[in-house]
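Student: Chain by chain, the residues:
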Amino acid sequence: MTLREFLGYAAIPFFAYFVLYMLSTVILIVISLVETLLVRSERGAWFRPQHRQLAPGITLIAPAHNEGPVIVSSVRSFLACEYEPLEVVIVDDGSSDDTVARMIGAFDLIELPVGDRFVLPSAPIEQIFVSRKDPRLRVVAKQNGGRSDAINAGLNVAYNELVATIDSDSLLEPDALARAASRFAVDPDRVIAVGGTIRIANGAVIEDGQVLEPHLATRGTAATQVAEYLRGFLGARIAWSRLNGLLIISGAFGLFRRDLLLEVGGFSSATLGEDMELVLRLHEHVHPRQPDERVVHAADATCWTEAPSGVGPLRGQRIRWHVGLLDNLRLHWRLIGRPNYGMVGHVSTPQALLFEVLSPPIMALGYVFFALTFWENDLSWELIVGFLVLALVNGQAETAAALVIEEVGFHRYRTTDLLKMACWSLLEGFWFRPLTSWWRLKATALVLLGRRPGWGSIPRGAALGAPVVGAGIAGGEVPPTT
Amino acid sequence: VLALLPTQRGWFWETADTAVTLLLVTYVVLLGTLATRRLYVVRRRQREERAKRRLEHLLEQLERESSSVEIAAQVGRLDELERPIAAGMLLARFDAADEDEHRRLVAALEQSGAIELMLRGLRRLMPWRKALAAQLLGQCRATKAVPALIALTDSRSLQVRDAAVVALGRIGDPRALPVIEQLFLRPRRRVSSGVRFEALLGLPAAGAGQVFAEALGSPDPRVRGSACVGVALVLGRSEARELVAERLSDSSPMVRAAAADALARVGGDDVPSALAAAVTDSEVVVRRAAVRALAMYDDPEAVELGRRALHDPDREVVIHAGETLVKLSRCERAGGRAWYVVAAAAEWPVRRALVIAEVSGR
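Those protein sequence lines, which keep their order, are chains B and F. Be aware that the first sequence starts at 1, since it is given in my numbering, and climbs by one per residue. Be aware that the second sequence starts at 483, since it is given in my numbering, and climbs by one per residue.
Bear in mind the hints are in silico, worked out from the structure with no lab data behind them. Being a predicted model, the structure only gives us computed values, none of them experimental. Cβ atoms here follow ideal geometry from the backbone N, Cα and C, with glycine treated the same way. Heads up, a few of these hints could be off.
Selected chain B positions facing chain F (Cβ under 7 angstroms, derived; list incomplete) [claimed, not checked]:
{"id": "1", "residue": "Gly44"}
{"id": "2", "residue": "Trp46"}
{"id": "3", "residue": "Leu390"}
Looking at chain F on its own, in the form it has when it is part of the complex (with noise of 0.2 angstroms):
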């Protein structure tokens, strides 16, 4: 348009028609791109329908005869397109089988050479190839697999640290203990949060309490509060009562409530001292866990001191007060205070407890 205009130049002339001839270029690239992206992902997903009719049936004789060596031979004849969704029909699988169907479908994996296909997945280029593969093997428990993965957790992409890490915890072989240690204890966005933790709990017990007694040391107030919770769900009840309950008296609010939550996962016949001190803390967020974990408690003083604790100024703990008192008239030395206490109590948190018990059927 600006071309069929008169021929009135100037420096507005000459930055317009600059600015709208770039303009129109990036217009047209941009329509050319979308519209070859297009055509090439609709071609694609024709092409992906086939395959997925074709791999089901695949999975199909899979799981019906693990042994063949035809299967094994069409596994390897798994091309660049057919072996990522072959990975994700297989996750999908993995995720709705039982123990049972989980261990044969690993067993013919296994026979078709398909592991093998899974370990080469661990060197392509893309990242989510990566990721995929190391999920798998994960899923597959492939101890063969162990030292790529371990290689893997120093990989460039979040995702494919993450996905190895995951996978190194359901393998759960030893020999990941130390690089998975680290990751616990200097944890600063190497991988996401929760993952290095749960994989921990995937390795053998021994040398996972071990790693997280020694992470209730680490300056770092977010390893020490995981810590906690590690120390309550992998080391023997009285040792990890013992350790746990020091951190009660930790300097971060966040590392006591972490404490007094896995106080709660210990339980026992007879409230730790440290965990009744923090019903009282100055902190709300270690009161709301303090209050809580007295539930797994079938100890009368819990009763007590849930009794008090309906008086607190928090509404959150007000409410873990009523519950922890509901759920305690069930228990056998405690239940009979409870349910005094119980019967007694006009307060409303109390009665709303009451009404959640009966609703969740707890």
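Just chain B, same shape as in the assembly (with noise of 0.2 angstroms):
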């Protein structure tokens, strides 16, 4: 077989697996939005959760780096929620900053004494503070540890039935854990755990820790993650949970039950991705004694979170998530594609595998094989502008898809941020698209030279109305595409 032959039978498989992308896409999007018409109806423009007498109680934990511009009013933002009863755990990660100083002064924090017998290890806790003036808030005061050990050490002190996660950057909506909890009161045998929406708070006009109007933010890298995110959580996540098959809920806020969590050890230090490793070994720490366990989203309960809005800070962010992923699918391989898990075994881990795994060695394959052609004198730039038409013309669709199961569910955006929004979704094929497939192909070399990111810092804190600082946790690490 000569090369030119090869080359023709190579380009078969590259359109197959282009056409089977859009058809995983369409199908997610289709299910998404049947779900959100269905809810709707439902639920209506008036549902507000019931107020009930006797509901589980939550401890919020946040983990907090180096946080002290933004910790009060993101710990007021907190203690505002709308659910009784509630308990809200911060944890200070061994900040360098004056994070805990301006906890204790803003709300009037007294020593508590640390005590023993935790039940998850952690770096030594230092000090456990109780508040004065709201007694329904805990400061943790830890050495360094990270993020899913800074949780942990958040657990320990935990004592109500369902325990949320949140980033301590993040923003509650009022409303967002009742919302989130009403799905384990629907169901409470079969929900293990559940996921909220995140929104992108850049540009945003904010006040007290509340998003007042959700502005779509100026800069590019901010204004094309917010239509990624709704195609995200909004296209994607709510088919995923409606199919059972949800392989992540968002570290920046997610609802488990405490007992689950502590059964399995907590969160783990050992993947960058320590989200979707929690949820991964829920399914399968539950799913052989419990077939019909569930892992929700629910679409209504809102998180606002800060996105990067450099390049670099999102090639960081990127890299990370995609070495997560990486890791999570290796550690779990018994997941994948075994019946025995449901949903979770024969769909979704494969469809991580094959699309967001495989999509960047596949694409180095195929710039190779445009190079090959070229050296063959048979490139066809005909097959280039139609590939490219076609790449183009499915990522518009599937924005536009996005924005209409936004308007149809949940109307937050003003006209002119969704004519934004889709004016850069027009440019992102151009830009966005291949750098974040640049970035993930660099991740997969990473993981195959056995090199590891670090956590690495984001500027936070200008979204939320507080001056730009770097922030060690990485919070608002919010992969929303698997």
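Grab the two chains, each in its own frame, and use the hints to assemble them into the complex.
Tutor: Okay, here's the thing in structure tokens:
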């Protein structure tokens, strides 16, 4: 077989892969849209979770590291949640700034004995405080150990039936906890974890820790991510939740049964994608004894977070996400393709492997393919334009569908914001998607070479109305696309 | 773009052409849907704002002069857009009202014919409209809605079933007892957890007590657990204590823990022997609940049990033990002994409990 003939045959699998990807996206979006319409007809615009006298208690755990400028307003937003009984545990993970001092001043903290007999291992806890102003607030000061370690320390001092994990620089909507908790009430025997929708706060009007008007950010990186998050959370996760195949609950906001978290050993520090790792571990742990277990996405429970607004921080974030994904699929390879694990085994994990893990190498192979056809003087510019048009139109249709779901189900953005989003998404195919694909390829190479990126630092605070700071615990680590 | 390219046809072009055409059509349809929906919502929001202002005025009038014929006529003229808005505003008013205001508002709604409108709302097609009407009728304690609400407990919509059961609990009419009893005893996902339990609490105590007592023998541990708490809340102290204490020997740790919780609600002057045994149960969830429950028994034995629990291997148990001892130190009979233990204790759970008590003013 000549090289030319080989290249002719090689084009077929590339094209088939692309068509398969389009089909899977279309199926997910259609399911999400139908589900949103059903929920809309069920709940209407006037739905408010009914107050219950004997609701299960929630402990909200927020790890913090050098969050001094934003910590007080974040804690106020957590305490303003319309949910009872509520306990807020802020875990300071060895901050070198005045994070703890600011909380002591703002909430009149008094020290409690630390004690012993902790269930989960974590870096040593140095101090525990309780607030005189609002006894629902506890602050744990510990040595630095990373995000997972900080949450595990929080789990050790939490006492409520349900545990919500949230980044300390994120803002929860007042009814978010009640909406997420209502999923447990609907199906207490089967639901083991609930995730909320993460939206981007860059550009939004924020007052007293609450997002008043979610305006679109002016910078391209942040504005493009808004549409990307909508595609991920509304276009995909609603469908995966319906199919019972969710692989991830975003670290920025998730609600779990505390007994189960303690049973599986809490969050893992062995991976950069600890949120996905936990969900996979929960599936692996619970599914064999309870095949009808469910991990649910509560699309109407909203948490606002700040997205990286420059290319540098975005690159670091995306490389970490992809390394985390690869870590998790490697750690939980037993789930992949196993019908015993239901939808997670025979659909979601193979889908993640095919379209998340393999897409960067396939993209690279595609470039090699084009180079070879060029070398063979057989390069078809029509073919390149054809692929490009197909990819662009597919991306546009995907974004438009996500915007329709947003409009039908949630209606959060102004008309001008929707127009801006549509415009940014027209350009997305020329810079954002190739860049993120390149970073994912780089992450794959890092993993293959046995090198790992650090947690890095994302400048935060600007979008939340505070001076920009570098946060060591990468809050808002929220892969939206899985 | 593809159409403009040179006519190099083949499998790729045909498939790509079809795919792009389909995607483009989808894209245009989606954008059209988005634009239409946006226009519709913007117009609707403007109308809603106007309706809200008008309804605010109407509700004020309703609260002031409940018997006006003119108001009744205005209520009768509310259109499709205004009715759910009025319902939402009324629910907000009920939430903020004290018992007296609540009574006056219900009387005004009855006289203006609004209750009849709400009853008609139960027959709407959209589930959320039914649920809204059920919520309001529950707030109004409208006994005439009971048969319709009972019928809605079989609705296909969870939202409607939940709202109907909550409303029946609020109304507290004994006719609802058999339906809620069935929901409570066979709970598999018919209504949200806790809804049927709270509805039963709203029904006449004698009937609800009987259902809870019967449910203690249910094969479902979740039902038995809820029943323990229900018995403690509804029945008299001695009867509840006897029934619940028996469940401390249940095979399910969840039920034993619920029984210990229930005994905390019962309280008394002497610690039941079964509760004393539960303090050393093999399951940590039971020990936690049992040690917490000791605080509700003004008995020197509770102090001794609490003191021993300070050496439990579980962190939560020792924290509860510290809190229990501090609470008991304020009791009449057990106070002296408990105060001595608290004063002499060097253990961190006791020091922690003292700080918590100071902070929370307990």
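Student: Each hint should be assessed against the structure and marked as holding or not.
Tutor: Here is how each hint holds up against the structure:
1. Among the interface hints, the one on Gly44/B holds; its C-beta lies about 3 angstroms from the nearest C-beta in chain F, closer than the 7 angstroms criterion.
2. A cut of 7 angstroms between beta carbons decides the hint on Trp46/B: the least distance to chain F is about 5 angstroms, and the hint holds.
3. About 6 angstroms separates the beta-carbon of Leu390/B from the nearest beta-carbon of chain F, less than 7 angstroms, and the hint is met.
Hint compliance for this structure: no hint is broken.
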